[in-house]
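Asker: Since the structure of chain A is provided, determine the placement of chain B on it from the hints.
Going line by line, the protein sequences match chains A and B. Going by the working numbering, the first residue of the first sequence is number 2, and it counts up by one from there. Going by the working numbering, the first residue of the second sequence is number 756, and it counts up by one from there.
Honestly, I wouldn't trust all of these hints.
Coverage of chain B stretches by chain A, computed from C-beta distances (three or more under 8 Å per stretch; other residues unrestricted) [as the list claims (entries may be wrong)]:
hint	segment
1	809-820
2	844-852
3	878-886
4	915-922
5	926-937
These aren't lab readings, by the way, just hints derived from the structure by calculation. For every residue, glycine included, the Cβ atom is placed at its ideal position computed from N, Cα and C.
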Amino acid sequence: MSEGAAAAHDVLLVGGGAAGLRAAIAIAETNPSLSVAVVSKVYPMRSHTVSAEGGAAGVIAADDTLEAHAYDTVSGSDWLCDQDAVEAFVEEAPRELLQLEHWGCPWSRQPNGRIAVRAFGGMKNMRTWFAADKTGFHMLHTLFQTSLKYSDVTRYDEWFVARLLVDDGRVHGVVAIELRTGRIQAITAKSVVLCNGGSGKVFPFTTNANICTGDGMALAYRTGAPLKDMEFIQYHPTGLPFTGILITEAARAEGGWLLNKDGYRYLQDYDLGKPEPTPVLRSMELGPRDRLSQAFVHEVEKGRTIESPYGPIVHLDLRHLGEKLIETKLPMVRELCMQYERIDPVKELIPVRPVVHYMMGGVHTDINGATPIEGLFAAGETACVTINGANRLGSNSLPECLVFGARAGKAAAEYATSAPQPPSIVMHQVDEEVRRIDQLRSADRGTERIADIRESMQSTMEDSAGIFRSGDSLSKGVDQLADLQQRLGHVQLSDETTVFNTELVAALELENMLDIAETILQSALQREESRGAHQRTDFTTRDDERFLNHALVYRDSDGSARIERLPVTITRWPPGERIYGR
Amino acid sequence: MRVTRYDPDRDSAPTVATYEVPLRKDWAILDGLNYVKDHVDTSLSYRWSCRMGICGSCGMNVDGEPKLTCATFLSDYAPGPVKVEPLSNFPIVRDLIVDIDDFMEKLPRVKPWIVRDDVTVIDGEYIQTPEELAEYKQFSNCINCMLCYAACPIYGLEPDFIGPAAIALAERYDLDTRDRGQRERLDVLIEKEGVWGCTFVGECTRVCPKHVDPAGAIQRYKLKAAQENVMAFLLPRAAR
Chain A
2 MSEGAAAAHD VLLVGGGAAG LRAAIAIAET NPSLSVAVVS KVYPMRSHTV SAEGGAAGVI
62 AADDTLEAHA YDTVSGSDWL CDQDAVEAFV EEAPRELLQL EHWGCPWSRQ PNGRIAVRAF
122 GGMKNMRTWF AADKTGFHML HTLFQTSLKY SDVTRYDEWF VARLLVDDGR VHGVVAIELR
182 TGRIQAITAK SVVLCNGGSG KVFPFTTNAN ICTGDGMALA YRTGAPLKDM EFIQYHPTGL
242 PFTGILITEA ARAEGGWLLN KDGYRYLQDY DLGKPEPTPV LRSMELGPRD RLSQAFVHEV
302 EKGRTIESPY GPIVHLDLRH LGEKLIETKL PMVRELCMQY ERIDPVKELI PVRPVVHYMM
362 GGVHTDINGA TPIEGLFAAG ETACVTINGA NRLGSNSLPE CLVFGARAGK AAAEYATSAP
422 QPPSIVMHQV DEEVRRIDQL RSADRGTERI ADIRESMQST MEDSAGIFRS GDSLSKGVDQ
482 LADLQQRLGH VQLSDETTVF NTELVAALEL ENMLDIAETI LQSALQREES RGAHQRTDFT
542 TRDDERFLNH ALVYRDSDGS ARIERLPVTI TRWPPGERIY GR
Chain B
756 MRVTRYDPDR DSAPTVATYE VPLRKDWAIL DGLNYVKDHV DTSLSYRWSC RMGICGSCGM
816 NVDGEPKLTC ATFLSDYAPG PVKVEPLSNF PIVRDLIVDI DDFMEKLPRV KPWIVRDDVT
876 VIDGEYIQTP EELAEYKQFS NCINCMLCYA ACPIYGLEPD FIGPAAIALA ERYDLDTRDR
936 GQRERLDVLI EKEGVWGCTF VGECTRVCPK HVDPAGAIQR YKLKAAQENV MAFLLPRAAR
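If we strip away everything but chain A, and leave its shape as in the complex, we get:
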């Protein structure tokens, strides 16, 4: 059933995590006359920002410089980032983190009451601000509670955005399902900012929450906006086996060691430096995530990992840190280990393995969050500006949400002040969407289960686009995905209820994920080199001549993925070698 437009706003933010809420506050503060709304498929406090643990990087120490943070980020990205964006990012990050402090974020402190910073992977200086080991949780709740000050920000909690309203190359709002009632309605807007987070759930083993299904990326892709750098998937080196729950990099920053089955700190065999008793920046366990995850795979090949009921693992050793440090700096790590592994890291080794964690790729935007589609913006993990290139450094993503959330919010607001009213013709798209969704919901004579297709997709992605890929594995994956798209056409939904139909939502999310999965594989196939998190066994070296550029993937009218290339923006740091540990 359709009831026309539920409401009209000037700016619509899709997603209520760090990026979306930061954008909302930015607009409410700078353009209070604009009508702003946040639409989220979950209550904002449930957004996946909440799970981030380790910290947020911003230059604050007297002996640190913006240039150093930029260089760490550029080299961390294996030179695939856009350096103008990185320069803007490192400059604005400290301001954003400070703003959050003024809004009440409980940053951990030095004894003198000033902000404390810690080391983090791939960073030459200590610049990672942290709130115990629940930084994302505290940032999200600070942003959410601060957003409550602005009673003019309208919220649509538990509304699932199914498509963008677009006419003549311009976005005019969204069509969304109000989950409580099942009503499908338009919310029109003069500009839309996609802040839906990442898409880790296309893989079987991920730190990501259930909600991370690439909705924003899929919405943009289907509307004709290109996705960028989709082949770059970050595996975080330390996730718990079975659940995939994240054990923060901070555990290594505070001094944790990675040990193989012989109790050996194996990272020393992989050009990451020599083991010292205390952490050395940009060395060993504080190397970049892509290199650490790759080292794990090599250890598996050498038979030096430990077999567990959930596959090969290595050990994270925190015992030498002592109970006091663990309780002060890593309390949630201890709790998670005791609850989910029934071990106490104070006395025992933590079983860990690499786990899909973050998508460097996403909706292509400029430095202000604008996509090539008029009226459409993106920020946070959904977007690819890019500051992360081929590999993201830990603790850059939380400030990324703030910096680009604020930028995209302001840019979207500016755009809205002179954008035309949405034309009434877009309401036809609402009817189309209602028909499509009603049809999907009453698909009770299909033969395929959502869970089966999803699991097949996930194992296809793991096999074809894992830490190491090959042309063969990727091509096979492309074929398998095509088959899964077919099977999705025969999906069976048994839940016909309109009220809170989570099966329908799962089907729509699966559609999104299959589209995203294809863009990942196609982009990976075309990148015939190894760089950062994209490692090809058939093209093992970095090839700046052919591939110092981004893959932009567009959806053609026949549904197939078309790749174009976009050069990387170099400002101050010509391509060099990534050196860690020496």
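Answerer: This is chain B only, laid out in the frame that chain A set:
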């Protein structure tokens, strides 16, 4: 697992459905529910997201006790059956999903943000020592999971009661050295649906999965409120 089912389109009242799920050592109640949804009855509806006890989505009554189902393990209820019901004291929307609009409306009332009049933005951070941070830290750990509201017998009887989490969050800001909003929050909490509804049963603190002490927060607030009342009595014409 004996799970509440309720489809408002079809049912006049909730019913209970029984499902068999594998008893795996590592499985939480949530894994059991996911097994049912993926393989047995795809229409079963419930909220979940992070599955690591930090997002607050998956609160339900397990054998009558409010729990985070992602952090509660099947093996603790073996061999079963284990009862899984929607959180008490909230209206049921569908199956295991409850309506938490009441909390979402109450939370902003206590002004859970830094209240400060200074217009000038200071250069750099407010100074806050680790000891000062420790004063309010535990109250800032609330994940808004609503287990405390489900456990609170007063909230069950008096739906106007502003409730444990909201008061704990008010206290979080009151105790934050950066905040200047104590008076404004007191004005809200001194009302009868504020702290005076609480009879110190203490169930809220007992069930909190993040070791927040809402009962403690409420009792401290009562002291503040009582002091306020006494002052108003002794100095009726003094500026408040």
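Asker: Decide, hint by hint, whether the structure agrees.
Answerer: Checked hints:
1. 809-820: holds (count 4)
2. 844-852: holds (count 4)
3. 878-886: holds (count 7)
4. 915-922: This one is violated; 0 residues, fewer than the three required, reach chain A with a Cβ under 8 Å.
5. 926-937: holds (count 4)
Checked against the numbered hints above, the structure breaks only hint 4 and satisfies the rest.
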